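*Asks:* The lines below spell out each chain.
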Amino acid sequence: MPGVATILMEGTFQTSPYAPGSLITVASLSVAETSSILSTTAKLAAMPAAEKATLLAGRRIALLFYESSTRTRTSFELAAKSLGATTTLVSDKSSSIEKGESLKDTGLTLRALGAECIILRHNAGGAPFVLARTTGLPVLNAGDGMHQHPSQALLDLRTILTRLGLDATRVDETSLKGVTVTITGDIRHSRVARSNAMLLPRLGAKVLLCGPPELLPEEALTLGEGVEIVRDFDTALRRSQVAMMLRIQRERLAGLELDLTEYTTNYQLNEDRLARCAPKALVMHPGPMIRGLEIQGEVADGPNSAIEDQVGHGLAVRAALLVRALGVEL
Amino acid sequence: MSELLILNGRLVDPAAGIDEPRDLLVREGRVVAVETPGAFAAVEAAETIDAAGCIVAPGFVDVHVHLREPGQTWKESIATGTAAAAAGGFTTVVAMPNTVPVNDTAESLRWMLDPARGSQVNLFAMPAATLGSMGVTLSDYATLAAAGAVGFTDDGKPVLEDHVMRAALLTSGRLGLVVSQHAEDTRLTGGCSMNHGAVAFRLGLRGMTVEAETRIVERDIRLLREIEAEDGVRGRLHVQHVSTARAMDAIRAAKADGLHVTCEVAPHHFTLTDEAIGDFNTNAKMNPPLRIESDRLAMIAALLDGTVDCIATDHAPHARHEKEVEFERAPNGITGLETALGLALRVLHREHGMSLTRVVELMSANPARIVKLGGRGALSPGSYADLAIFDAGAEWNYAAAASKSNSKNSPFDGAPMLGQVRATVVGGRVVFRG
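Those sequence lines, one after another, are chains A and B.
Here UniProt numbering is used: position 292 in the first sequence is 292, and no number is missing along the way.
Here UniProt numbering is used: position 391 in the second sequence is 391, and no number is missing along the way.
Think of the hints as simulated: they come from the structure by calculation, not from any bench.
Careful: at least some of the hints might be erroneous.
Unchecked claim - Derived Cβ-Cβ restraints for the label pairs, each shown as a range:
| no. | chain 1 | residue 1 | chain 2 | residue 2 | range |
| --- | --- | --- | --- | --- | --- |
| 1 | A | Pro213 | B | Arg246 | 18 to 26 Å |
| 2 | B | Arg433 | A | Glu101 | 42 to 50 Å |
| 3 | B | Ala79 | A | Pro213 | 36 to 44 Å |
| 4 | B | Arg350 | A | Ala32 | 38 to 46 Å |
| 5 | A | Glu101 | B | Gly190 | 57 to 65 Å |
Claimed, not checked - Far from chain B by the CB rule (all over 10 Å, computed), these chain A residues:
| no. | residue |
| --- | --- |
| 6 | Lys81 |
| 7 | Ser96 |
| 8 | Thr134 |
| 9 | His147 |
| 10 | Glu262 |
Computed from a predicted model, the values in this text were never measured in an experiment.
For each residue, glycine too, the CB sits at the ideal point set by N, CA and C.
One chain only, chain A, in its complex shape:
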């Protein structure tokens, strides 16, 4: 029998019509859309800078940041500028948000000032939905609480495709067949892990989640098909072509006790472990990384590392997301 909840929900909880071009969660991103974003990214990467700078000339983009950020903010901003757009940055520390202005009113103000798209980083999960519902503008989620970081998953995808010598201009359900990606560390608090674990398996990859139960509860298995929990890091690494490391999010631990020495022993990616278990694996980290904790400095700087590539791909993918958000056809 279908749950009555489902029956009631069918008429009641339809996904609100968010402005086309919004990207809030990879859950609503089809394989075809993913492919189209990658294709746009490749076209933009190949385009002369002068031509690129005309694409969004005269368009206004707002960056709204309720949480600190280096990579994501800078790359969205530089991506927008490379397309000729005007950007403005509003952060919670130096705006009327400090005086108690709501997210809705902040969004409406930005819209009234001419913003055509808002890039939002927020410490509360789901905040981009609020902004998209109340402003009607395309919203790009630049990380919301522990929920999602879709542009990170897309740039990680492009990094993996490129470094593994696969076609990075398009994807389908089998593009990552035979590729195993281990995501290790603080999965519980990681929006990056959630976005990657939902996106990569849809393209054929196997995702192994690795970490102690405090940071990786069994519910993580429900993120989707193709996700597996492997507690032993060495075992997971031996199966993997890609090792994605995550920072322990001390700011979100909320009373959780963790023995960092033990954690480092069991889950740090260091030269010895890499050489023993996965000498050819691609090493990734969304940043910020804590050298000496989840990753040894030598590995982060070593030949397997794609960490700087990730930053570069971030710029390219975010340019494509902006072009898509503002409805420009290439």
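Given chain A's structure and the hints, the job is docking chain B onto it.
*Replies:* What follows is chain B alone, placed relative to chain A:
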């Protein structure tokens, strides 16, 4: 002398064991005669309600509503909240004490119950179990009972300390009144905004565990046993809005042991699961939170097998601007008075085969008994003429925008309902016609 006739309806009066066509004669606010159809042909009443095709039931009693007055009338007032109650077929509501200031004195209780507040239905209240609902010092139960209290509760701020809850159950037990407990160990739920589980993990939200509910229910049941054994006092525990299968099992076992435990289930807990949160819909955020499908089905099983005593809405209005925020920052609660019957008939009666008599019992006779409202929740001669007259077969869709409540925060906006109220009568006076 004002007389009212209710003709041609099907009387469903669980207390009297009647489910038959009956005509009712009402005089001076009381039911004076219940007869087979046509018996009052010679009576010329001032007002007549033709209830053809409708169920005539004792007016519904909701033992758990938030009317927000005094202090938060932008959300709701006694007048608007009770207008919504009337529209939902409720003729009696029991107001929770978490107003501003907290209702913890006879003075505030009398102010609230004063007819000047403009209540559209019979209004009763449960004052705070402890002063300021701070969980430390009991309020003055005897004085409050004399002023009309029908029970005591700290509602959203559960009584955590064992010795305080023990004293509350003992003192109220001696007065024959319930302590109505919101079962949540708040020491386990800091920073949580929904149910713990797969959906919470996917959304990256911290979740309230089943343990947080069961620990308090089990503790309170243990205290009841203790009081009965050590003090010879029969404590009366009423567990509010049960939401988990495990807490319900504990209640079922305690009842089987003969303890005085009653409980309520809210319509949203037998209709929805945490999947309804969808894209962080704050109108699906309440406390206790929506749980998983097995819990929902356990609530329905317990409603059917008699473990659950009553349906209560936990009507909790909030203004649009308060709900239109980040999920974790949104206040808990949804409106519920206008959707309770439509959901109960659709889900319990139609989908799960519950008899109309049992639905009516869960919404009238039983809740009236929990708070000891003599003469209400029944329609035998001499009873108060509080009636809900509804078309049990009417299909309609709830429109939150048309709500009589000051607030529209319902997850059921647009949802299909079964059964529509045609008239609500309070003390012989028609207060709503639909």
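*Asks:* Does 57 to 65 Å hold as the CB distance between A/Glu101 and B/Gly190, or does it fail?
*Replies:* Given about 27 Å between the Cβ atoms, the range is violated.
*Asks:* With d taken as the least Cβ-Cβ distance between A/His147 and chain B, does d exceed 10 Å?
*Replies:* A/His147 not clear of chain B: closest Cβ-Cβ about 4 Å, inside 10 Å.
*Asks:* Take a look at whether the Cβ-Cβ distance between B/Ala79 and A/Pro213 falls inside 36 to 44 Å.
*Replies:* With a Cβ separation near 53 Å, B/Ala79 and A/Pro213 fall outside 36 to 44 Å, so the hint is violated.
*Asks:* A/Glu262 clear of chain B by more than 10 Å, beta carbon to beta carbon?
*Replies:* With a cut-off of 10 Å, A/Glu262 remains clear of chain B, as the shortest Cβ separation is near 24 Å.
*Asks:* Do B/Arg433 and A/Glu101 keep their Cβ atoms within the hinted range of 42 to 50 Å?
*Replies:* Since the Cβ atoms of B/Arg433 and A/Glu101 sit about 44 Å apart, the hinted range of 42 to 50 Å holds.
*Asks:* Is it true that A/Pro213 and B/Arg246 lie within 18 to 26 Å of each other by Cβ?
*Replies:* holds, 22 Å
*Asks:* Beyond 10 Å from every chain B Cβ: check whether that's true for A/Lys81.
*Replies:* holds, 29 Å
*Asks:* Decide, holds or violated, for the assertion that all CB atoms of chain B are farther than 10 Å from the CB of A/Ser96.
*Replies:* holds, 16 Å
*Asks:* Are all C-beta atoms of chain B more than 10 Å from that of A/Thr134?
*Replies:* The assertion about A/Thr134 is violated, with a minimum of 6 Å to chain B.
*Asks:* With 38 to 46 Å as the target window, see if B/Arg350 and A/Ala32 comply at their CB atoms.
*Replies:* holds, 40 Å
Hint violations for this structure: numbers 3, 5, 8, 9, all remaining hints satisfied.
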